[in-house]
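**Q** What follows is each chain in one-letter form.
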Amino acid sequence: MGMTMTQKILAAHAGAESVRAGELILASLDLVLGNDITSPVAIREFAKLGKDSVFDKKKVTMVMDHFVPNKDIKAAEQCKVCRGFCGDMDITHFYDVGDMGIEHALLPEKGLVTAGDAVIGADSHTCTYGALGAFSTGVGSTDMACAMAIGKAWFKVPSAMRVELTGALRPYVSGKDVILHIIGEIGVDGALYRSMEFGGEGLSSLTMADRFTIANMAIEAGAKNGIFEVDELTLGYIRGHGADEPRIYAPDADADYDEVLHIDLSEIEPTVAFPHLPENARTFTDIGDVKIDQVVIGSCTNGRLEDLQAAAEIMRGKHVAKGVRVIVIPATQRICLEAMELGLLKVFIECGAVVSTPTCGPCLGGYMGILAEGERAVTTTNRNFVGRMGHPKSEVYLASPATAAASALTGRITSPWEVMK
Amino acid sequence: MKYSGNVIKYGDNVDTDVIIPARYLNTSEPSELAAHCMEDLDKTFTARVRQGDIITAGQNFGCGSSREHAPIAIKASGVSLVIAKSFARIFYRNAINIGLAIVECPEAAEEIREGDTVEADLDSGIIRDLTTGREYKTAPFPEFVQKIIENGGLIASIANGAVK
Numbered sequence: 031m032g033m034t035m036t037q038k039i040l041a042a043h044a045g046a047e048s049v050r051a052g053e054l055i056l057a058s059l060d061l062v063l064g065n066d067i068t069s070p071v072a073i074r075e076f077a078k079l080g081k082d083s084v085f086d087k088k089k090v091t092m093v094m095d096h097f098v099p100n101k102d103i104k105a106a107e108q109c110k111v112c113r114g115f116c117g118d119m120d121i122t123h124f125y126d127v128g129d130m131g132i133e134h135a136l137l138p139e140k141g142l143v144t145a146g147d148a149v150i151g152a153d154s155h156t157c158t159y160g161a162l163g164a165f166s167t168g169v170g171s172t173d174m175a176c177a178m179a180i181g182k183a184w185f186k187v188p189s190a191m192r193v194e195l196t197g198a199l200r201p202y203v204s205g206k207d208v209i210l211h212i213i214g215e216i217g218v219d220g221a222l223y224r225s226m227e228f229g230g231e232g233l234s235s236l237t238m239a240d241r242f243t244i245a246n247m248a249i250e251a252g253a254k255n256g257i258f259e260v261d262e263l264t265l266g267y268i269r270g271h272g273a274d275e276p277r278i279y280a281p282d283a284d285a286d287y288d289e290v291l292h293i294d295l296s297e298i299e300p301t302v303a304f305p306h307l308p309e310n311a312r313t314f315t316d317i318g319d320v321k322i323d324q325v326v327i328g329s330c331t332n333g334r335l336e337d338l339q340a341a342a343e344i345m346r347g348k349h350v351a352k353g354v355r356v357i358v359i360p361a362t363q364r365i366c367l368e369a370m371e372l373g374l375l376k377v378f379i380e381c382g383a384v385v386s387t388p389t390c391g392p393c394l395g396g397y398m399g400i401l402a403e404g405e406r407a408v409t410t411t412n413r414n415f416v417g418r419m420g421h422p423k424s425e426v427y428l429a430s431p432a433t434a435a436a437s438a439l440t441g442r443i444t445s446p447w448e449v450m451k
Numbered sequence: 060m061k062y063s064g065n066v067i068k069y070g071d072n073v074d075t076d077v078i079i080p081a082r083y084l085n086t087s088e089p090s091e092l093a094a095h096c097m098e099d100l101d102k103t104f105t106a107r108v109r110q111g112d113i114i115t116a117g118q119n120f121g122c123g124s125s126r127e128h129a130p131i132a133i134k135a136s137g138v139s140l141v142i143a144k145s146f147a148r149i150f151y152r153n154a155i156n157i158g159l160a161i162v163e164c165p166e167a168a169e170e171i172r173e174g175d176t177v178e179a180d181l182d183s184g185i186i187r188d189l190t191t192g193r194e195y196k197t198a199p200f201p202e203f204v205q206k207i208i209e210n211g212g213l214i215a216s217i218a219n220g221a222v223k
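Read top to bottom, the protein sequences are chains A and B. Residues in the first sequence are numbered consecutively from 31, following the working numbering. Residues in the second sequence are numbered consecutively from 60, following the working numbering.
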């Protein structure tokens with residue numbers, strides 16, 4: 031039986047000819063990531079190991095993104111711990127206010143991940159880098175601490191679901207609609223413990239932004255990692271961002287996939303996940319009239335330039351509906367600058383939205399857009415659990431940037447197809 | 060490893076945001092986290108949980124974020140063991156790594172009732188519901204994971220050279 035992409039990358043990092051699903055391995059890592067929430071716990075655990083240096087100061091990265099610029103004294107103390115540690119350890123890639131961005135948008139942009147890499151991050155959305163053909167998965171702070179010390183992590187080699195893509199997306203439909211549709215089909219534990227491996231003839235029609243969004247939410251189906259086959263577009267992105275030379279691993283023809291999901295991209299419609307699970311996916315035939323109080327466009331899922339462009343195209347020259355608060359969060363400083371140069375920030379502000387510095391902020395109910403009891407938000411973020419964005423009795427509806435923008439204009443959950451007729 | 064306590068029962072997809080809401084993630088102090096454990100799902104949890112209690116739950120327990128604060132909050136609440144039909148994988152790793160005992164046993168998770176007194180021996184893989192007299196069998200941990208637990212968690216395993 032042949033190997034999947036994920037199995038090939040894990041084998042290469044475990045120094046093995048081949049690995050099979052279920053096997054436990056110790057794999058070497060190309061990058062270890064933490065943020066301002068998870069790193070302080072990792073730093074505390076790392077101290078117990080009695081090491082005076084990390085395994086490779088260029089392969090450990092910390093990004094201050096969740097509660098920065100610091101939202102309160104405790105958050106400030108946590109960042110201070112990270113800043114002190116990265117200073118002491120002489121960490122090359124420490125990103126603080128001024129050059130930070132939301133980690134999963136920032137690291138690919140900085141060229142820190144390439145195809146064939148094995149990456150762990152103490153953040154569940156670390157699976158995002160699968161868009162680049164890397165094995166990349168979220169872990170906890172203790173795993174991060176140990177990986178900082180020895181440059182390795184243990185894994186149970188996952189089996190995999192193959193997602194075979196055909197066709198091409200229709201206008202105003204994007205990667206977010208694809209992944210919400212898939213999670214709606216398979217459920218929030220539909221890929222539990224497994225890889226989701228994306229490929230097929232439809233792949234070429236997906237932008238890198240679409241692929242990052244899809245890989246980002248593989249965790250919302252319970253997957254260990256999401257990974258895309260590498261094509262010319264991937265290679266162009268990797269080289270364009272100065273990342274290391276890619277190592278391309280294609281799945282074997284007889285790769286051990288335990289399930290194949292066929293997705294015809296041309297059939298995907300604007301899709302919204304209703305509270306309180308990402309699997310509650312609906313298309314506009316059964317959405318009805320759902321009034322909203324807030325819109326958030328941003329996050330590691332959908333805060334990239336293409337996402338802002340999609341929203342701005344719909345919001346240009348219009349005004350947000352009365353009573354709706356619209357918060358736009360470019361995911362990195364560079365994206366913010368590019369959005370400014372392209373005039374997108376002007377579009378948002380003239381439309382009645384606010385534009386924030388990069389932060390995870392409202393996505394996890396941290397700050398910068400918390401919901402009150404009974405309020406509803408349409409957001410381009412990734413989770414709609416109870417209390418995710420604020421009060422336990424508030425509601426989060428997950429959608430694409432185009433759907434969020436259309437909803438901002440009408441004050442109810444609205445398809446981009448309705449406003450862009 | 061033996062555990063015994065009264066059962067607090069929850070359903071499917073208990074996510075890390077209800078186990079410990081992100082508004083409390085500006086600290087990693089176990090006792091502070093425990094004070095808000097399960098707050099958005101069950102406001103009575105912190106008042107009624109007793110040292111040694113056992114949580115049972117449905118599918119995909121611990122889904123969502125990678126926050127190790129979630130198993131830390133549960134452990135610091137006094138919970139000795141979580142029995143679920145299945146666990147989200149990052150939560151599963153984190154629980155092992157910090158030394159919170161967890162076990163997958165769909166039958167036990169389904170049948171054991173809120174308030175039952177349960178005894179579990181994870182070495183032999185036997186879970187007993189002392190209230191109903193029913194007994195359940197679970198699969199043992201893989202050897203590699205047992206080694207981590209026997210050495211007192213991942214940090215201790217690396218510190219003493221068991222994992223290199």
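Note that these hints are calculated values from the structure, not bench results. Treat the hints with caution; some may be incorrect.
Said to hold, decoys possible - Straight-line C-alpha distance at most 25 angstroms; calculated DSS-like pairs for lysine-lysine: (1) K102/B - K186/A; (2) K423/A - K206/B; (3) K87/A - K223/B; (4) K102/B - K61/B; (5) K196/B - K88/A; (6) K321/A - K352/A; (7) K186/A - K68/B; (8) K223/B - K81/A; (9) K206/B - K78/A; (10) K81/A - K206/B; (11) K78/A - K134/B; (12) K196/B - K104/A; (13) K223/B - K186/A; (14) K206/B - K186/A.
To be verified - Cβ-to-Cβ under 10 angstroms is the rule here; a few derived chain A residues that face chain B: (15) R50; (16) L54; (17) I103; (18) Q108; (19) D173; (20) M174; (21) C176; (22) K182; (23) I249; (24) H306; (25) E371.
Backbone N, C-alpha and C fix where the C-beta goes; we use that ideal spot for every residue, glycine too.
**Q** The structure should be examined with respect to each hint, and the outcome stated for every one.
**A** Against the structure, the hints:
Restraint check: the Cα-Cα separation between K102/B and K186/A comes to about 36 angstroms, which exceeds 25 angstroms; the hinted pair is violated. Taking the CA atoms of K423/A and K206/B, the gap is near 43 angstroms; set against the 25 angstroms cutoff, the hint is violated. The hinted pair formed by K87/A and K223/B meets the criterion: a straight-line CA distance of about 19 angstroms does not exceed 25 angstroms. In summary, the hint linking K102/B to K61/B is not supported, as the alpha carbons are separated by about 29 angstroms, beyond the 25 angstroms threshold.
A distance of roughly 47 angstroms separates the Cα atoms of K196/B and K88/A; the hinted pair therefore is violated under the 25 angstroms criterion. This hinted pair checks out: K321/A and K352/A have alpha carbons roughly 12 angstroms apart, not beyond 25 angstroms. For a cut-off of 25 angstroms, the pair hint linking K186/A to K68/B is broken: about 29 angstroms separates their Cα positions. Straight-line distance between C-alpha atoms of K223/B and K81/A comes to about 13 angstroms, which keeps the hinted pair within the 25 angstroms bound.
The straight-line distance between the Cα atoms of K206/B and K78/A is roughly 19 angstroms, inside the 25 angstroms bound, and the hint therefore holds. With a C-alpha separation of about 22 angstroms, the suggested pairing of K81/A with K206/B holds against the 25 angstroms cut-off. Between K78/A and K134/B the CA atoms are separated by roughly 20 angstroms; this keeps the pair inside 25 angstroms, and the hint holds. Pair hint K196/B plus K104/A does not hold up; C-alpha atoms about 45 angstroms apart against a cutoff of 25 angstroms.
Between K223/B and K186/A the CA atoms are separated by roughly 17 angstroms; this keeps the pair inside 25 angstroms, and the hint holds. Between K206/B and K186/A, the direct Cα distance comes to roughly 15 angstroms. Compliance with the 25 angstroms bound is thereby established for this hinted pair. Taking 10 angstroms as the C-beta cut-off, the interface hint given for R50/A is violated, the closest approach to chain B being about 14 angstroms. For L54/A, the interface hint holds, the least distance from its beta-carbon to any beta-carbon of chain B being 4 angstroms, beneath 10 angstroms.
The criterion of a C-beta within 10 angstroms of any C-beta in chain B is met by I103/A, whose closest approach is roughly 8 angstroms, and the hint holds. This hint holds: Q108/A has a C-beta 6 angstroms from the nearest C-beta of chain B, less than the 10 angstroms allowed. For D173/A, the interface hint holds, the least distance from its beta-carbon to any beta-carbon of chain B being 6 angstroms, beneath 10 angstroms. At a threshold of 10 angstroms, the smallest CB-CB gap from M174/A to chain B is about 9 angstroms, leaving the interface hint in force.
With a least beta-carbon distance of about 5 angstroms to chain B, the hint placing C176/A at the interface is held under the 10 angstroms criterion. With 10 angstroms as the threshold, the beta carbon of K182/A comes within range of chain B, its nearest partner Cβ sitting at about 8 angstroms, so the hint holds. Among the interface hints, the one on I249/A holds; its C-beta lies about 8 angstroms from the nearest C-beta in chain B, closer than the 10 angstroms criterion. The interface hint given for H306/A is met, as the beta carbon of that residue sits about 9 angstroms from the closest beta carbon of chain B, less than 10 angstroms.
Among the interface hints, the one on E371/A is violated; its C-beta lies about 33 angstroms from the nearest C-beta in chain B, farther than the 10 angstroms criterion.
Taken one by one, the earlier hints fail for this structure at numbers 1, 2, 4, 5, 7, 12, 15, 25, listed in ascending order.
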